[in-house]
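When we follow numbering that gives the first Met the number 0, the leftmost residue of the sequence shown carries the number 0, and every step to the right adds one.
Simulated from the structure, these hints should not be mistaken for lab results.
There may be inaccurate statements among the hints.
Here are the simulated lysine to aspartate or glutamate pairs, EDC-like style, with alpha carbons at most 20 Å apart [unchecked claim]:
no., residue 1, residue 2
1, Lys115, Asp67
2, Lys113, Asp143
3, Lys113, Glu103
4, Lys113, Asp194
5, Lys113, Asp136
6, Lys113, Asp196
7, Lys39, Asp67
8, Lys113, Glu94
9, Lys115, Glu94
Derived DEER-like restraints, expressed as beta-carbon distance ranges [unchecked claim]:
no., residue 1, residue 2, range
10, Asp161, Ser98, 19 to 29 Å
11, Cys163, Ser98, 36 to 46 Å
12, Asp194, Asn42, 18 to 28 Å
13, Phe133, Gly56, 25 to 35 Å
14, Arg180, Tyr116, 24 to 34 Å
15, Gln40, Cys141, 49 to 59 Å
These figures come from a predicted structure and were not determined experimentally.
Beta carbons: idealized from backbone N, C-alpha and C, even for Gly.
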Amino acid sequence: MESVQSIKYCIRPVRFVSVQRNYSRGCLNGGILVSFDVLKQYNITTQELLLWNSGVGAIDRYLAYLADHPYGTNEETEQFICNCTNTRTFGVLCEYQFSQSSFEATILSQYNQKLKYPLGSQLFGITTCYETSFPCDYGKACLDWRNICDGTQNCVDGTDEDYCEHLLLNECNSEREYRCRNGMCIDEEYFLDGDIDCQDQSDEQRHSIYALTR
């Protein structure tokens, strides 16, 4: 049996981002700097510290400080924690910030953006595309397999809609595959799983006669 090798890769950011934190600058975005001595004096609990959105790393250092453990006590500049008073901010120095008033609101905003702009990051971001078995000029966007034979021309020369009649004659494995209305085959486990896998969406049409008699 051939071994499978996993090759990791990442997309280089447009701008250089330094990950080095300057502790001498204190907290950012309105965060309040609190020393370990003050935390101990006022008996601030770890549960309370979690609400400060400063990360578990700083809390671990504080616990080590309470236990008089060398970990976290060597660097005097790290013997503090930031109270990120702004609910939109988080991080060791409160250096990160959500686009909305809270994490939940940010997630909801992201979903709304996806509904409004289905191609989203493909049009405006840096994406990694896989190559199709045929040349296709689709501009800067990636051609998804769901765009092939979906009744809409995506490639400039229309090659994504060529030879689609062969799908109508296609036969699927009746034991482990589901045959979409247009002839496309998908794994049986994808039928009525809540996600659209067939180009014609027939795998998620719960109330259609086709779905009920499947």
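Hints, verified against the model:
no., hint, in the structure
1, Lys115 to Asp67, "54 Å, violated"
2, Lys113 to Asp143, "16 Å, holds"
3, Lys113 to Glu103, "16 Å, holds"
4, Lys113 to Asp194, "15 Å, holds"
5, Lys113 to Asp136, "24 Å, violated"
6, Lys113 to Asp196, "18 Å, holds"
7, Lys39 to Asp67, "12 Å, holds"
8, Lys113 to Glu94, "26 Å, violated"
9, Lys115 to Glu94, "29 Å, violated"
10, Asp161 to Ser98: 19 to 29 Å, "42 Å, violated"
11, Cys163 to Ser98: 36 to 46 Å, "41 Å, holds"
12, Asp194 to Asn42: 18 to 28 Å, "49 Å, violated"
13, Phe133 to Gly56: 25 to 35 Å, "50 Å, violated"
14, Arg180 to Tyr116: 24 to 34 Å, "28 Å, holds"
15, Gln40 to Cys141: 49 to 59 Å, "56 Å, holds"
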